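Chemist: Sequence:
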Amino acid sequence: MNDKRRFTLIQERLLAWFAANRRPLPWRDDYNPYRTWIAEVMMQQTQMDRGVRYFLRWMERFPDVAAVAEAPEEDVLKAWEGLGYYRRARNIQAAARAVMERHGGVFPSRYADILTLPGVGPYTAGAIASTAFNEEVPCVDGNVERVLSRVFDIDTPVKEEPAKSRIRQLAQALIPKGRARDFNQALMELGALVCRKNPDCGECPLADICESRHLGITADRPVPGKKAAITPLEVVCGVLLHEGKVFIQRRGEKDVWAGLWEFPGGCVEPGESPEEAVVREWKEETGFDVAIVERLATIRHGYTTYRITLHCFLLRLKGAPLGSPLPAELTAATACQWIAPQDIEAFPLPAPHRKLADTCGLFDKPGPGE
1 MNDKRRFTLI QERLLAWFAA NRRPLPWRDD YNPYRTWIAE VMMQQTQMDR GVRYFLRWME
61 RFPDVAAVAE APEEDVLKAW EGLGYYRRAR NIQAAARAVM ERHGGVFPSR YADILTLPGV
121 GPYTAGAIAS TAFNEEVPCV DGNVERVLSR VFDIDTPVKE EPAKSRIRQL AQALIPKGRA
181 RDFNQALMEL GALVCRKNPD CGECPLADIC ESRHLGITAD RPVPGKKAAI TPLEVVCGVL
241 LHEGKVFIQR RGEKDVWAGL WEFPGGCVEP GESPEEAVVR EWKEETGFDV AIVERLATIR
301 HGYTTYRITL HCFLLRLKGA PLGSPLPAEL TAATACQWIA PQDIEAFPLP APHRKLADTC
361 GLFDKPGPGE
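Taking the UniProt record's numbering, the leading residue of the sequence shown gets 1, the next gets one more, and so forth.
Just so you know, not all the hints are guaranteed correct.
[As the list claims (entries may be wrong)] List time: in silico DSSO-like cross-link candidates among lysine-lysine, alpha-carbon distance up to 30 Å: (1) K226 to K197; (2) K164 to K245; (3) K355 to K78; (4) K177 to K227; (5) K164 to K4; (6) K197 to K4.
These are computed hints drawn from the structure, not numbers from a lab. All figures in this text were calculated on a predicted structure; none of them were measured in a lab.
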């Protein structure tokens, strides 16, 4: 079969399959560019059902570009809490402000202009341009890499050259004239629903023209690159309770989890116990002399190439005078507050600290009549 005939079959079959199988996702209601943009960024690192919930909640709080641009950063981070990779939320706000300033509040319609927005890379720009504006540009994500590497038997790592350029060239060449919106979505949808890690080839409209299936090597495509080394980290944090208030601090702008609120702590140093580390870290970061009341939890959390073991302790002040709030000497934060435990819900926290707040029982809201 020549390439032209094969390309035509792929186009026809995928478009027909998508018309029959497209999921009724909320951002497909009108293909508004703002809604398309937010959905694409949210879905990059989360499961679909969870992403839909976040998307709907986000749209209630920030219905348009202007609402994001004008909001306090802390509100944006709070709406993003639980999705991780908080830099994406900051980039969304920076891009929204750029749309307001450079484009008069109107989302740009051309791929080249979308690509200039803060935090917007080729994939996101392609997704917005093709989905919202039907521009004939490719949109290559992990789903597309998987489908094309199998159909065309690409036998080198898909994230590296020459496979990376080959996949992008194929994704561009396959777009039918005037059908970029549907075709790009169809390609991604096929990867999400059928051509998954363990493919359901019996349901695939491209099964009889898939080279890796013909060769019996679908399990070997796509070819992965080298896995990044995983670094274990042993970390501590302490919840300081004093006269009914809890101390929290806000991380610096260049830190991991920048701008989020946290219970102070840090890494356990060589030869140091977690108990010793939390007392030392609190003294270094806040100036407070603390003592451990009890261990609250041990929480494990994966973050990029790190595997974190977080030892969490309930603390008290040593020899503290009555009366609060007490002033802190901050060395690792930009702000701090003494808050009522039940008010913690209003603050954006890193995932491990939110897990601690949700599970340790100290932050439960009083029930009716209490």
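Chemist: Does the alpha-carbon distance linking K177 and K227 stay inside the 30 Å limit?
Modeler: violated, 38 Å
Chemist: Against the 30 Å threshold, does the CA-CA distance of K226 and K197 hold or violate the hint?
Modeler: holds, 17 Å
Chemist: Does K164 pair with K4 here, judged by a C-alpha cut-off of 30 Å?
Modeler: Within the cut-off at roughly 22 Å; holds.
Chemist: Within 30 Å, alpha carbon to alpha carbon, are K355 and K78?
Modeler: Given that 30 Å is the threshold and the Cα spacing comes to 15 Å, the pair holds.
Chemist: Between K164 and K245, does the CA-CA distance stay at or below 30 Å?
Modeler: It is violated: about 53 Å lies between the C-alpha atoms, which goes past 30 Å.
Chemist: For K197 and K4, compute the direct alpha-carbon distance and say whether it is at most 30 Å.
Modeler: holds, 28 Å
Taken one by one, the earlier hints fail for this structure at numbers 2 and 4, listed in ascending order.
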